[in-house]
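Line by line, the protein sequences give chains A and B.
Just so you know, we're using our numbering here: the first sequence kicks off at 762 and counts up by one.
Just so you know, we're using our numbering here: the second sequence kicks off at 0 and counts up by one.
Hints are not guaranteed to be accurate.
Said to hold, decoys possible - Pairwise CB distance ranges (calculated):
1) B/Lys61 to A/Gly844: 20 to 30 angstroms
2) B/Glu13 to A/Lys817: 45 to 55 angstroms
3) B/Gln79 to A/Asn828: 16 to 26 angstroms
4) A/Asp858 to B/Arg63: 18 to 28 angstroms
5) B/Arg63 to A/Ser801: 39 to 49 angstroms
6) A/Asp778 to B/Leu111: 42 to 52 angstroms
7) B/Gln79 to A/Asp858: 23 to 33 angstroms
8) A/Gln806 to B/Gln58: 41 to 51 angstroms
9) A/Arg818 to B/Gln79: 20 to 30 angstroms
10) B/Glu43 to A/Glu800: 35 to 45 angstroms
11) A/Arg867 to B/Lys15: 32 to 42 angstroms
12) A/His869 to B/Val54: 33 to 43 angstroms
Said to hold, decoys possible - Partial chain A-side listing against chain B, Cβ under 7 angstroms, derived:
13) Ala790
14) Tyr793
15) Glu800
16) Gly854
17) Arg856
18) Gly865
I should point out that these hints are in silico values taken from the structure, not numbers from a laboratory.
Beta carbons are placed, not taken as given, at the ideal position from N, Cα and C, and that holds for glycine.
What follows is the residue order along each chain.
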Amino acid sequence: GESVGLHLPTLSVQEGDNSIINCAYSNSASDYFIWYKQESGKGPQFIIDIRSNMDKRQGQRVTVLLNKTVKHLSLQIAATQPGDSAVYFCAEGLRDDKIIFGKGTRLHILP
Amino acid sequence: EAGVVQSPRYKIIEKKQPVAFWCNPISGHNTLYWYLQNLGQGPELLIRYENEEAVDDSQLPKDRFSAERLKGVDSTLKIQPAELGDSAVYLCASRSNSNEQFFGPGTRLTVL
Numbered sequence: 762g763e764s765v766g767l768h769l770p771t772l773s774v775q776e777g778d779n780s781i782i783n784c785a786y787s788n789s790a791s792d793y794f795i796w797y798k799q800e801s802g803k804g805p806q807f808i809i810d811i812r813s814n815m816d817k818r819q820g821q822r823v824t825v826l827l828n829k830t831v832k833h834l835s836l837q838i839a840a841t842q843p844g845d846s847a848v849y850f851c852a853e854g855l856r857d858d859k860i861i862f863g864k865g866t867r868l869h870i871l872p
Numbered sequence: 000e001a002g003v004v005q006s007p008r009y010k011i012i013e014k015k016q017p018v019a020f021w022c023n024p025i026s027g028h029n030t031l032y033w034y035l036q037n038l039g040q041g042p043e044l045l046i047r048y049e050n051e052e053a054v055d056d057s058q059l060p061k062d063r064f065s066a067e068r069l070k071g072v073d074s075t076l077k078i079q080p081a082e083l084g085d086s087a088v089y090l091c092a093s094r095s096n097s098n099e100q101f102f103g104p105g106t107r108l109t110v111l
């Protein structure tokens with residue numbers, strides 16, 4: 762069965778606010794974790810990844826937090842914009858280069 | 000730089016018919032993946048190639064699905080015969096040396 766999943770299927774956020782998308786995983790042997798963004802009619806787009814020996818990584822307007830104690834991963838998007846509307850997937854990367862995706866969270870931006 | 004190219008973008012066929020999808024990865028990417036994505040779900044790996052070698056096809060239903068990557072560049076994924084449950088989006092992705100996989104737009108297959 763799947764080892765990666767998401768807490769909420771849909772998240773609505775006011776434009777300009779920060780978004781936090783959560784993910785739980787069960788495989789302790791994951792080597793790294795990745796967040797993908799998928800817009801309608803397109804393939805998933807890499808946002809940011811984090812190695813399993815890190816607990817935080819920042820990108821442009823995004824921050825990924827990894828809590829290995831509770832096997833929890835989150836993606837924080839600062840100052841959410843209309844263009845951030847999409848489905849967000851967390852995925853875990855295994856040492857054999859296999860990536861396992863979770864179910865996805867749809868992010869709605871409210872005007 | 001051109002991204003991953005897939006064709007066709009959409010395909011509608013009747014059950015029991017064959018269908019084929021084509022993928023052209025990003026130039027220089029040795030690793031190529033085929034995924035299946037059902038509505039509302041994350042992509043599920045079907046097969047992974049390192050150059051022309053299929054290194055992980057454990058999730059490929061080999062009774063009806065086949066894939067090839069001749070010359071280690073373009074790849075085709077075939078279903079014969081298609082079943083109603085095969086309706087999904089078929090995604091191709093490629094990767095160089097980093098963790099980042101680049102996905103194509105996918106082929107949306109509808110089996111009637």
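Status of the hints after comparison with the structure:
no.	hint	in the structure
1	B/Lys61 to A/Gly844: 20 to 30 angstroms	41 angstroms, violated
2	B/Glu13 to A/Lys817: 45 to 55 angstroms	52 angstroms, holds
3	B/Gln79 to A/Asn828: 16 to 26 angstroms	46 angstroms, violated
4	A/Asp858 to B/Arg63: 18 to 28 angstroms	26 angstroms, holds
5	B/Arg63 to A/Ser801: 39 to 49 angstroms	29 angstroms, violated
6	A/Asp778 to B/Leu111: 42 to 52 angstroms	44 angstroms, holds
7	B/Gln79 to A/Asp858: 23 to 33 angstroms	28 angstroms, holds
8	A/Gln806 to B/Gln58: 41 to 51 angstroms	23 angstroms, violated
9	A/Arg818 to B/Gln79: 20 to 30 angstroms	44 angstroms, violated
10	B/Glu43 to A/Glu800: 35 to 45 angstroms	20 angstroms, violated
11	A/Arg867 to B/Lys15: 32 to 42 angstroms	35 angstroms, holds
12	A/His869 to B/Val54: 33 to 43 angstroms	39 angstroms, holds
13	Ala790	16 angstroms, violated
14	Tyr793	6 angstroms, holds
15	Glu800	10 angstroms, violated
16	Gly854	6 angstroms, holds
17	Arg856	12 angstroms, violated
18	Gly865	6 angstroms, holds
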